[in-house]
Amino acid sequence: MSYVDYLVRRAIHSVPVIFGLSVLIFLISRVIPGDPVRLALGPEATDQQVAALRAEMGLDQPLPMQYVDWLVGVVQGDWGMSLRTNNNVFSDIVARLPATLELTVVTLFCAVLLAIPFGVVAGTNKDRWQDHLSRITALFGVSMPRFWVAIVLQIVFVVSLGLLPLSGRLSDGVAPPPAVTRLYLVDSLIAGQFGTFLDAATHLLLPTVALGLATLAQVMRLIRSDMIDEQRKDYVLAARAYGLPNTLIEYKYMLQNAFTSSLTVVGLAFGFLLGNAFLVEIVFAWPGMARYGVQAILYQDFNAIVGVTIVVGIGFVTANFVVDLLYGYLDPRVRLEEG
Amino acid sequence: MPTGNIERRKLLKLIGAGATSVALAGCQGTQQTETTDGSSGSDSTATEQTSDGGSGGDGGSGGNDFHFIAGQVFGTLDPAEQVDYTQGLAAQNLYDELITVDAETLQPTAHIAESWDTEDGGQTWVFTLRDDVTFSDGTPLTADDVAYSLTRMLELQRGYSSFWLDYLDPSNITVRDEQTVAFEFNQAYGPALATFVQFYIVNSTVVQENEQDGDYGNAYLQSNSAGSGAYVLDDWEQGNSIEASAYEDYWKGWSEDSFDTFRSTVITEESTIKTTMQQGEGDMTDQYMGTQAYAEMDSYSNVRVPEVPQLQLFHFPMNCQKAPTDDINVRKAIAYAFDYDSAVNDIIGGGGVAAGPVPRQMAGHNGDLAPMEQDLDKAKEFLDKADYSVDEINEIGLEHVVIAGTELQRQMGLLNQAGLNELGIDLEINPLQWARLTDRATSVESTAHLTNIFHTAKMPSPDSHTYLMYHPSSFGSYISQSWYSTDEIAATLEEARQTTDLQSRLEKYEEAQALIIEGMPSVYIANPPYRIGINENVEGWQYRGVMSFDWDVHSMTRSGEGRAK
Numbered sequence: 001m002s003y004v005d006y007l008v009r010r011a012i013h014s015v016p017v018i019f020g021l022s023v024l025i026f027l028i029s030r031v032i033p034g035d036p037v038r039l040a041l042g043p044e045a046t047d048q049q050v051a052a053l054r055a056e057m058g059l060d061q062p063l064p065m066q067y068v069d070w071l072v073g074v075v076q077g078d079w080g081m082s083l084r085t086n087n088n089v090f091s092d093i094v095a096r097l098p099a100t101l102e103l104t105v106v107t108l109f110c111a112v113l114l115a116i117p118f119g120v121v122a123g124t125n126k127d128r129w130q131d132h133l134s135r136i137t138a139l140f141g142v143s144m145p146r147f148w149v150a151i152v153l154q155i156v157f158v159v160s161l162g163l164l165p166l167s168g169r170l171s172d173g174v175a176p177p178p179a180v181t182r183l184y185l186v187d188s189l190i191a192g193q194f195g196t197f198l199d200a201a202t203h204l205l206l207p208t209v210a211l212g213l214a215t216l217a218q219v220m221r222l223i224r225s226d227m228i229d230e231q232r233k234d235y236v237l238a239a240r241a242y243g244l245p246n247t248l249i250e251y252k253y254m255l256q257n258a259f260t261s262s263l264t265v266v267g268l269a270f271g272f273l274l275g276n277a278f279l280v281e282i283v284f285a286w287p288g289m290a291r292y293g294v295q296a297i298l299y300q301d302f303n304a305i306v307g308v309t310i311v312v313g314i315g316f317v318t319a320n321f322v323v324d325l326l327y328g329y330l331d332p333r334v335r336l337e338e339g
Numbered sequence: 340m341p342t343g344n345i346e347r348r349k350l351l352k353l354i355g356a357g358a359t360s361v362a363l364a365g366c367q368g369t370q371q372t373e374t375t376d377g378s379s380g381s382d383s384t385a386t387e388q389t390s391d392g393g394s395g396g397d398g399g400s401g402g403n404d405f406h407f408i409a410g411q412v413f414g415t416l417d418p419a420e421q422v423d424y425t426q427g428l429a430a431q432n433l434y435d436e437l438i439t440v441d442a443e444t445l446q447p448t449a450h451i452a453e454s455w456d457t458e459d460g461g462q463t464w465v466f467t468l469r470d471d472v473t474f475s476d477g478t479p480l481t482a483d484d485v486a487y488s489l490t491r492m493l494e495l496q497r498g499y500s501s502f503w504l505d506y507l508d509p510s511n512i513t514v515r516d517e518q519t520v521a522f523e524f525n526q527a528y529g530p531a532l533a534t535f536v537q538f539y540i541v542n543s544t545v546v547q548e549n550e551q552d553g554d555y556g557n558a559y560l561q562s563n564s565a566g567s568g569a570y571v572l573d574d575w576e577q578g579n580s581i582e583a584s585a586y587e588d589y590w591k592g593w594s595e596d597s598f599d600t601f602r603s604t605v606i607t608e609e610s611t612i613k614t615t616m617q618q619g620e621g622d623m624t625d626q627y628m629g630t631q632a633y634a635e636m637d638s639y640s641n642v643r644v645p646e647v648p649q650l651q652l653f654h655f656p657m658n659c660q661k662a663p664t665d666d667i668n669v670r671k672a673i674a675y676a677f678d679y680d681s682a683v684n685d686i687i688g689g690g691g692v693a694a695g696p697v698p699r700q701m702a703g704h705n706g707d708l709a710p711m712e713q714d715l716d717k718a719k720e721f722l723d724k725a726d727y728s729v730d731e732i733n734e735i736g737l738e739h740v741v742i743a744g745t746e747l748q749r750q751m752g753l754l755n756q757a758g759l760n761e762l763g764i765d766l767e768i769n770p771l772q773w774a775r776l777t778d779r780a781t782s783v784e785s786t787a788h789l790t791n792i793f794h795t796a797k798m799p800s801p802d803s804h805t806y807l808m809y810h811p812s813s814f815g816s817y818i819s820q821s822w823y824s825t826d827e828i829a830a831t832l833e834e835a836r837q838t839t840d841l842q843s844r845l846e847k848y849e850e851a852q853a854l855i856i857e858g859m860p861s862v863y864i865a866n867p868p869y870r871i872g873i874n875e876n877v878e879g880w881q882y883r884g885v886m887s888f889d890w891d892v893h894s895m896t897r898s899g900e901g902r903a904k
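Those sequence lines, one after another, are chains A and B. Each residue of the first sequence is one higher than the one before, counting from 1 in the numbering used here. Each residue of the second sequence is one higher than the one before, counting from 340 in the numbering used here.
Hints were generated in silico from the structure; no laboratory data involved. Hints should not be assumed to be uniformly reliable.
To be verified - Dumping the calculated DMTMM-like pairs for lysine to aspartate or glutamate here, alpha-carbon to alpha-carbon at most 25 angstroms: (1) B:K719 x B:D765; (2) B:K719 x B:D730; (3) B:K591 x B:D483; (4) B:K661 x A:D47; (5) B:K719 x B:D678; (6) B:K661 x A:D35.
Unchecked claim - Per the computed footprint, the stretches of chain A lying under chain B, defined by three or more beta-carbons under 8 angstroms from a beta-carbon of chain B, are: (7) 27 to 38; (8) 85 to 95; (9) 153 to 159; (10) 165 to 176; (11) 284 to 291; (12) 296 to 303.
Ideal Cβ positions, reconstructed from N, Cα and C, are used throughout, including at glycine.
Between the sequences and the hints, there should be enough to build the whole structure, so can you do that?
Below you can see the structure in the form of structure tokens.
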């Protein structure tokens with residue numbers, strides 16, 4: 001099987017997953033108890049007002065018809081009206097997704113970048129102090145709730161030390177860079193606004209740490225255990241016998257094999273970060289999609305719930321697709337087995 | 340696979356080059372920021388110079404900026420749709436209401452309408468408008484704008500249009516001259532004046548020019564303001580922030596220390612809100628945080644937390660049409676078993692025990708009504724008189740609904756449970772999301788036996804705490820979960836609505852309260868205090884009774900240099 005065939009096959013597998021997810025979430029959001037229309041209109045709303053809005057939103061139609069209407073709308077870019085914002089959910093998400101994407105991508109990048117050397121050092125120094133330190137760090141990272149870590153970071157770095165900004169994506173008075181990708185780090189570089197870049201980067205620092213600690217811990221421990229396994233293999237003994245430098249053996253040959261299994265976790269971690277970013281977005285007043293999703297759930301804003309879930313689902317599927325792509329690239333045996 | 344290896348190397352090189360560029364760019368940016376101080380430069384640098392380098396400072400304009408921290412998003416900026424406090428905050432600062440609330444008396448008073456009169460025994464209300472009011476585009480505000488704005492609300496059927504939908508047809512809105520407009524209701528409508536505090540006027544010319552598919556300019560007003568308010572919308576990042584600048588020719592004028600810009604940022608996490616205030620980055624908070632949060636903010640040297648009696652009722656409406664709370668003696672037993680002192684002092688942390696449905700500070704509250712006290716002996720006496728035995732009550736099962744996720748709500752449920760346990764009654768506490776609660780309130784069968792409800796005044800009239808709670812036409816809303824009325828109560832409330840003389844109308848409402856209390860349809864617990872966090876360098880704030888009216892930024896000024904840190 002060629003690499004292209006392999007990719008196409010993987011892409012086709014993703015379609016029923018997204019479709020199934022949309023049916024499931026659409027149904028769940030419509031059948032959970034509660035009356036979001038009445039809630040949106042406020043306590044004094046008359047039955048006449050409630051009925052009018054229900055009809056306007058097509059909620060007086062049978063459920064299958066509602067789904068078909070919604071699906072047709074999705075294809076045309078109309079994801080339904082949000083009861084909280086009165087906007088098309090699609091435009092709401094488009095406005096907020098870049099903030100969440102910037103946060104999750106930077107978090108994942110930093111977590112993996114740090115997890116690799118920490119995991120290698122821990123794995124190659126099994127049961128020494130480096131390994132114990134990584135174990136304690138991992139335990140802390142996995143067991144501490146993200147929102148708690150976020151609040152502690154604020155108290156230490158903002159209130160006590162006054163080193164970093166408290167919340168938001170940019171400081172007061174700093175205008176966002178001209179929108180190209182709406183990722184402030186990227187847009188500020190494109191516009192040559194380096195001060196804005198630094199400001200955006202400092203605002204990202206604490207949310208990134210709070211969000212990424214658990215991912216860092218997971219990937220680090222996985223690399224550590226895989227490195228330990230790799231150490232016992234013949235090719236490592238052979239490389240050592242040839243007198244190759246340890247750094248070369250560890251970071252070039254062993255890591256490539258050890259990282260293959262971590263790749264799955266990294267792919268899943270992206271989806272998890274996208275879905276769980278709300279814990280950090282709420283504390284840091286980060287104007288992202290995840291915070292919007294939480295508000296949608298609390299106010300039973302069903303179109304928004306479906307929209308956010310679909311986007312997170314697409315995030316999961318895309319991340320796994322990229323992982324598959326990298327798998328096939330790093331280990332050609334994978335795509336050959338598919339054939 | 341040599342080819343693959345080369346590609347991988349290329350890939351690594353590219354990544355390395357990218358990372359180096361980013362790092363260099365970052366360093367370059369640092370240098371540029373440091374060296375451009377005080378000099379002219381690119382647009383970006385000019386913008387950056389206004390920043391103090393952190394999240395503090397006085398905002399984008401570099402002028403006198405007012406920063407309100409909102410705990411929820413701004414759902415809409417169209418004043419015809421506003422129902423909650425952030426929407427009210429936007430309307431209050433971008434638009435003008437026809438009638439406003441007097442901060443001293445908490446009664447309706449002149450604003451855009453400088454005087455008014457009634458005709459046909461109170462059926463027609465005639466308003467004379469000020470002639471010095473202009474919209475932010477400089478055009479004068481006239482009776483045509485008022486007529487269009489109210490027609491628009493009635494046609495859109497959103498927001499507080501329910502105040503008038505049953506009483507006023509758009510065809511009965513008449514412009515008599517440039518400054519005079521008349522509303523002919525289909526019956527005498529006493530509370531009309533009070534309801535017009537929730538009526539904001541839009542620039543009819545601008546809105547009509549921007550109508551799309553008969554939407555009355557609704558889409559346009561989501562991202563633009565077209566009002567005569569003190570501030571003009573600059574930017575709205577929905578779900579995150581709103582920014583507005585002072586309208587120079589605002590009809591009420593400006594003082595030297597007035598705020599040049601008004602800004603609100605959405606921060607929902609309590610700890611972040613507190614830290615923002617502590618760091619001197621915010622001027623004001625809302626009133627919806629936990630009691631402890633306000634106590635903590637009060638301990639900051641740069642924040643004060645005023646506490647004033649509020650036009651709000653906290654109570655447990657009892658479903659009077661569902662067994663066993665359909666028995667008045669069961670209801671009285673429940674009311675006497677409740678520990679009011681603990682609820683007010685330990686859980687709410689201030690305010691006073693309620694005396695009937697109308698808050699004590701509201702004009703029209705019946706002063707003859709005494710607040711309830713816990714009396715277990717009396718509770719047992721009433722229980723003995725009831726048609727249901729304790730066993731029967733327990734067999735039916737008594738349900739108390741509280742809002743999920745809020746400690747205060749849960750504690751109130753537990754306190755009620757503790758009181759009823761003294762009588763041998765089991766109480767099931769059922770936490771629900773708000774959407775579910777409002778849904779259950781739509782029918783007698785689904786409404787719980789008891790429900791925690793905060794009911795805040797939306798207009799300066801006891802009508803909202805009587806008619807909307809105990810008139811049969813109001814049943815089905817979360818406000819009227821007692822499902823309680825009598826012919827006498829209904830008739831008295833209807834008479835009150837039809838009475839246009841203020842004093843006579845208030846007397847009718849007082850009479851209605853006495854009648855309501857006889858049936859004990861609720862456990863009236865508290866009139867909670869109103870608390871918000873205010874930066875020490877903000878002056879002029881006054882509680883005004885109706886939701887969002889105290890956040891009229893124009894009425895406040897800055898004292899000292901910037902925010903107190």
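Between the segment 165 to 176 of chain A and chain B, are there enough contacts, at least three residues with CB-CB distance under 8 angstroms, for the coverage claim to hold? As far as the segment 165 to 176 of chain A goes, the hint holds, because 9 residues have Cβ atoms under 8 angstroms from chain B.
Within 25 angstroms, alpha carbon to alpha carbon, are B:K661 and A:D47? holds, 23 angstroms
Given the hinted pair B:K719 and B:D730, is their alpha-carbon gap at most 25 angstroms? Holds, at about 14 angstroms.
With a C-beta cutoff of 8 angstroms, work out whether three or more residues of the segment 85 to 95 of chain A approach chain B closely enough for the coverage to hold. holds (count 5)
Within 25 angstroms, alpha carbon to alpha carbon, are B:K591 and B:D483? holds, 21 angstroms
Is the hinted pair B:K661 and A:D35 satisfied, with a Cα-Cα distance of at most 25 angstroms? holds, 22 angstroms
Agreement of B:K719 and B:D678 with the hint, judged by alpha carbon distance not exceeding 25 angstroms: At roughly 15 angstroms apart (the allowed maximum being 25 angstroms), B:D678 and B:K719 satisfy the hint.
Residue count check for the segment 153 to 159 of chain A against chain B: does it reach three with CB-CB under 8 angstroms? holds (count 4)
Three or more residues of the segment 27 to 38 of chain A near chain B by CB distance under 8 angstroms? This one holds; 5 residues, not fewer than the three required, reach chain B with a Cβ under 8 angstroms.
Taking a Cβ-to-Cβ distance below 8 angstroms as contact, does the segment 284 to 291 of chain A have at least three residues touching chain B? With 4 residues close enough to chain B, the hint holds.
Can the segment 296 to 303 of chain A be counted as covered by chain B under the rule of three residues or more with Cβ-Cβ separation shorter than 8 angstroms? With 3 residues close enough to chain B, the hint holds.
So if I understand the rule, the pair passes when the alpha-carbon distance is 25 angstroms or less; does B:K719 with B:D765 pass? The given pair, whose Cα atoms are some 15 angstroms apart, holds under the 25 angstroms limit.
Going down the numbered hints, you'll see the structure goes against none, and every one checks out.
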